[in-house]
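Student: Listed below are the residues making up each chain.
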Amino acid sequence: MSFLDVAVLGTARQQGETPVTGTPLDPLVDALALPERERNVLLRAGSLAVYRRAGSRPRTDVERPAAAPPDRLPVPPPAAVRLLADLIAGGEKDLLREALERLARASWRLPPVLLPAALSLLDKRLRGAAAPVLDERGRWLARFRPEWAWALHTAAGEPGVEDERVWLEGAFPERVAALARVRGLDAPHAREWLDLVWAQEAAERRADLLVTLEAGLSGDDEVFLERVLDDRSQLVRAAAAALLAKLPGSGLGRRMVQRADGLLSYSAATGAWARVKSRIRVAPAGVLAVTPPKAIDKSWERDGISAKPPKGLGERAHWLAGVLSLIPPAHWVKRLGAAPADLVAAAWAGDWGFPVTLGWSRAAALHRAAPWAGALWDGWRGATLKGMQASVQREMLLALLPVMARQDAEARALALIDDAAAAAPVGLREVLELLPAPWSEDAARAYLDALAERDTLSDTVTVAALGLPPTCFARALELPQDAPAEGGASRRKHIQTFTAIVELRRRLHEEIPA
Amino acid sequence: MDLSLDQVTALAPDANAAAAAKKLAQPAVWKNLGRSAQALWGECQGSALYQVRVDLADLASKCSCPSRKLPCKHSLALLYLAAGQRDRVPEADPPGWLTEWLARRAETAAKKQKKAAAAPAAPDPAAQARRAERRLERVAEGLDALDLWMSDLVRNGLGAVETQGSDLWERQAARLVDAQVPAVASRVRRMAEIPRSSPDWPQRLLLELGRLALLTHAFRRLDTLEPELGEEVRQLLGWTVSREELAARGERVPDEWLVLGQWVDEDGRLRVQRNWLRGTATGRDALVLQFAPGTGPFPETLVPGTRITADLAFWPSTYPLRALVAERRGGASPWTRPLPGHAGVGDFLAAVANALARQPWVEHFPCVLRDVTPAVAADGTWHVVDRAGESLPLKGAEHWRLLALSGGAPLDLAGEWDGDRLLPLGAVVLEQYEVLWGARP
Numbered sequence: 001m002s003f004l005d006v007a008v009l010g011t012a013r014q015q016g017e018t019p020v021t022g023t024p025l026d027p028l029v030d031a032l033a034l035p036e037r038e039r040n041v042l043l044r045a046g047s048l049a050v051y052r053r054a055g056s057r058p059r060t061d062v063e064r065p066a067a068a069p070p071d072r073l074p075v076p077p078p079a080a081v082r083l084l085a086d087l088i089a090g091g092e093k094d095l096l097r098e099a100l101e102r103l104a105r106a107s108w109r110l111p112p113v114l115l116p117a118a119l120s121l122l123d124k125r126l127r128g129a130a131a132p133v134l135d136e137r138g139r140w141l142a143r144f145r146p147e148w149a150w151a152l153h154t155a156a157g158e159p160g161v162e163d164e165r166v167w168l169e170g171a172f173p174e175r176v177a178a179l180a181r182v183r184g185l186d187a188p189h190a191r192e193w194l195d196l197v198w199a200q201e202a203a204e205r206r207a208d209l210l211v212t213l214e215a216g217l218s219g220d221d222e223v224f225l226e227r228v229l230d231d232r233s234q235l236v237r238a239a240a241a242a243l244l245a246k247l248p249g250s251g252l253g254r255r256m257v258q259r260a261d262g263l264l265s266y267s268a269a270t271g272a273w274a275r276v277k278s279r280i281r282v283a284p285a286g287v288l289a290v291t292p293p294k295a296i297d298k299s300w301e302r303d304g305i306s307a308k309p310p311k312g313l314g315e316r317a318h319w320l321a322g323v324l325s326l327i328p329p330a331h332w333v334k335r336l337g338a339a340p341a342d343l344v345a346a347a348w349a350g351d352w353g354f355p356v357t358l359g360w361s362r363a364a365a366l367h368r369a370a371p372w373a374g375a376l377w378d379g380w381r382g383a384t385l386k387g388m389q390a391s392v393q394r395e396m397l398l399a400l401l402p403v404m405a406r407q408d409a410e411a412r413a414l415a416l417i418d419d420a421a422a423a424a425p426v427g428l429r430e431v432l433e434l435l436p437a438p439w440s441e442d443a444a445r446a447y448l449d450a451l452a453e454r455d456t457l458s459d460t461v462t463v464a465a466l467g468l469p470p471t472c473f474a475r476a477l478e479l480p481q482d483a484p485a486e487g488g489a490s491r492r493k494h495i496q497t498f499t500a501i502v503e504l505r506r507r508l509h510e511e512i513p514a
Numbered sequence: 515m516d517l518s519l520d521q522v523t524a525l526a527p528d529a530n531a532a533a534a535a536k537k538l539a540q541p542a543v544w545k546n547l548g549r550s551a552q553a554l555w556g557e558c559q560g561s562a563l564y565q566v567r568v569d570l571a572d573l574a575s576k577c578s579c580p581s582r583k584l585p586c587k588h589s590l591a592l593l594y595l596a597a598g599q600r601d602r603v604p605e606a607d608p609p610g611w612l613t614e615w616l617a618r619r620a621e622t623a624a625k626k627q628k629k630a631a632a633a634p635a636a637p638d639p640a641a642q643a644r645r646a647e648r649r650l651e652r653v654a655e656g657l658d659a660l661d662l663w664m665s666d667l668v669r670n671g672l673g674a675v676e677t678q679g680s681d682l683w684e685r686q687a688a689r690l691v692d693a694q695v696p697a698v699a700s701r702v703r704r705m706a707e708i709p710r711s712s713p714d715w716p717q718r719l720l721l722e723l724g725r726l727a728l729l730t731h732a733f734r735r736l737d738t739l740e741p742e743l744g745e746e747v748r749q750l751l752g753w754t755v756s757r758e759e760l761a762a763r764g765e766r767v768p769d770e771w772l773v774l775g776q777w778v779d780e781d782g783r784l785r786v787q788r789n790w791l792r793g794t795a796t797g798r799d800a801l802v803l804q805f806a807p808g809t810g811p812f813p814e815t816l817v818p819g820t821r822i823t824a825d826l827a828f829w830p831s832t833y834p835l836r837a838l839v840a841e842r843r844g845g846a847s848p849w850t851r852p853l854p855g856h857a858g859v860g861d862f863l864a865a866v867a868n869a870l871a872r873q874p875w876v877e878h879f880p881c882v883l884r885d886v887t888p889a890v891a892a893d894g895t896w897h898v899v900d901r902a903g904e905s906l907p908l909k910g911a912e913h914w915r916l917l918a919l920s921g922g923a924p925l926d927l928a929g930e931w932d933g934d935r936l937l938p939l940g941a942v943v944l945e946q947y948e949v950l951w952g953a954r955p
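Protein chains in written order, with our numbering: chain D, 1 to 514; chain X, 515 to 955.
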């Protein structure tokens, strides 16, 4: 039995000689001539402990990893590295994204010590911003963990064997990502891939996969999409219809116009007095006659308009809104011979205001019809609605803002600063979040004036700090830190948050030129 | 001196303080920021306007805010600003409240020096001798009892220990505390963790008991041991040399000391900061331990990756390691060269064997390896591999920063070896020191 095993049994049960270690220690311990057996064992064990510690041998079977290929981009200067370290460790996602984008434009890479944190980012947009600045070391490191696999296919290039493997065998989110990537590199190729697997995909998946075709959409896709209109799932048909509606000259587009042209007609108000009343907005400029469809046939359903209306909307209103939602609004300007503002005002003045403007609004969002977005927004703002219609109203206000031209959006957002209650059912912060960043100088200055005077803007400081244009940084940082009489500690905290973000952005723009 | 962000973060008492300080590290909330060769200063707008000062010689700080955490978030914020945005803290004439503070500090330091240099009042020698004798008696009795207890365990077999729970160890530890050998009591308490911890626990427990038996054996032969070893044994049992005595009479080694690495052990309400230093001229290794209650500051500010000019005073030992900073001159400067260390694992382990030959009870060793590459073995364990293909296992589950820094190429690594595993503390890559322990993942 080995020497240490005596530990388990105990010397009491030990017969014969005291066990020995079989090492050069034995004669040394024997020379002590200890009377007691247990003491003999203990000191022998103690010496063995030191002997082993001093004689430990290292492993020789651990292989070094293959070295990473040399990086192509330089690292940023130390000040920029410090800033990036701060932003990556914690803080606003949008700031980090801005930093990474600037880093990419400056053709710098992330320093190695920040790579694990960058690879551990979960947000899709942040990953997209980080991908170009990982360089060879980042991609090399990503191979070590499955959680970092997203970074492996970030080198630019042709659709490769790896993309195809992921498309055919990967988990669903990765498949969508691979398809989207290939769509960006070779649009018809991606559509062909989708066509090949179409029959085997489940309905919910099909709708998600169709969305990838929006990028690089062209007439080449029409044949496939028309076939998709025969799908059993209404969701899938609606998604295909939306894509077909965006293709100028598509069959679906023509069918929609044919169905809708008979439903609306417009007559401008006659007489000088009517024109004056419309100019001063006391009355609309004309009358919109609306005849919603009395019935629909299978071809409507095939083109994505469901027969059954959603709760809270009647059949005819639903079909009306449905057919209008796919037609580019510019069509109505030509056909009805009036400007968007006049048409919208006329619609609200009539009985079918809700479904007509709902259809036009969805169409404006689909076709990015900037001239219509402002008028439609104003129409929704002015309407008093309840229940389901009120939630649609909110949805439309949020959907139309990003479609507007910048000045129109900013003007409407700033108008809300003065009268937050009138913004309902949307909040000022939500509206500001939808403005394209960076804001224009005028909008920024108007906001800063308001922030200096009021206490009601506390929940908007973060989005504002992220949206300010660089030319306004200096002014923003001059905001007095001391609180005015009311507001006190909470106001100071918000101003501090505001200036902290602006200061970080200022440093960002200084350290990482782009 | 340029500190890195991580080095400033290492000075923070906890993560919340560091985060709060970063929020305040923006010029908009500061007035009258300035620096001189000796200090940094500024006024920070918080609930009131606070005056913040930092002495650059030893990074001590003072702020007029009421916080009990030191350094407070305002001082840390000033350091972040100075580190991250030098131009925002310009050279300027120091204000009165700063020069006053520096003057007071110099006065206090001078007084402390005088007190340390002055001979301590000689206590009554007869009473001292009686106390020492009594202590020796109690220790001898306590260790006799301990030996009997250990022999009993061995006689009955350690397997029986499994069913007895931690009481067995606690009772013996309490008796040892009464016998005035608290260090031995700690060893016994630590043994309570061995049963059931692995399949070979009885064998491991016998080895640990054996090491303790070596210590009691050495105690009985104290008079025959060489003086340094005798001192060492006394300290291992629980006799202490006070810091004052040490500063006055311990071996003094002046040198430029490189702070190789640092880690903080949070032991309940007491934090223990372990600093490994290496003398650049003498090649001596030192372990400087500092203690701080709760969120309080550590007495000396030691920043890993920097070099300080100081006299260290070593506790007497046949393998001197434990030391304190007796006198410090000048500030710290960053280290931008390869680390002074062993060329390979084999050399390092040979040095460990030599250390154990001189002092068999050493628990932790400073380890600096040049040109090693971090790697993950097939069994999932992390290692660093030297040029000869020999490796040491690392402590801790993951080391991604280290791997990223290496990129598969060799680097210099400083860490703490406990006989089993190496705890990485810092690395030098391309002439830059990176803090590994306690840095963000």
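Each hint should be verified, as a subset may be incorrect.
What the hints assert, rightly or not - Covered by chain D, per the in silico footprint, the following chain X stretches (three or more residues, Cβ under 8 angstroms):
1) 565 to 574
2) 617 to 628
3) 640 to 650
Claimed, not checked - The following residues of chain X were derived to be distant from chain D, with all beta-carbon distances above 12 angstroms:
4) L584
5) S680
6) S711
7) E745
8) R748
9) D781
10) R843
11) V886
12) G903
13) E904
To be verified - Cut-off 25 angstroms, straight-line C-alpha distance, at most; resulting in silico cross-link-like pairs (SDA-like, lysine to any residue):
14) K537/X with P480/D
15) K625/X with K909/X
16) K493/D with L760/X
17) K298/D with K386/D
18) K537/X with D61/D
19) K493/D with A514/D
20) K909/X with A12/D
21) K537/X with R335/D
22) K537/X with K298/D
23) K625/X with D714/X
24) K386/D with L428/D
25) K909/X with R704/X
26) K246/D with S265/D
27) K493/D with L563/X
28) K545/X with L416/D
29) K93/D with K386/D
30) K909/X with R145/D
31) K493/D with K576/X
32) K909/X with R64/D
33) K537/X with R145/D
34) K493/D with L584/X
If you're looking for bench data, these hints aren't it; they were derived computationally from the structure. Values in this document were obtained by computation on a predicted structure and should not be read as measured data. For every residue, glycine included, the Cβ atom is placed at its ideal position computed from N, Cα and C.
Student: Hint numbers the structure violates, sorted upward?
Tutor: 1, 2, 3, 11, 12, 13, 15, 16, 17, 18, 19, 20, 21, 22, 23, 28, 29, 33
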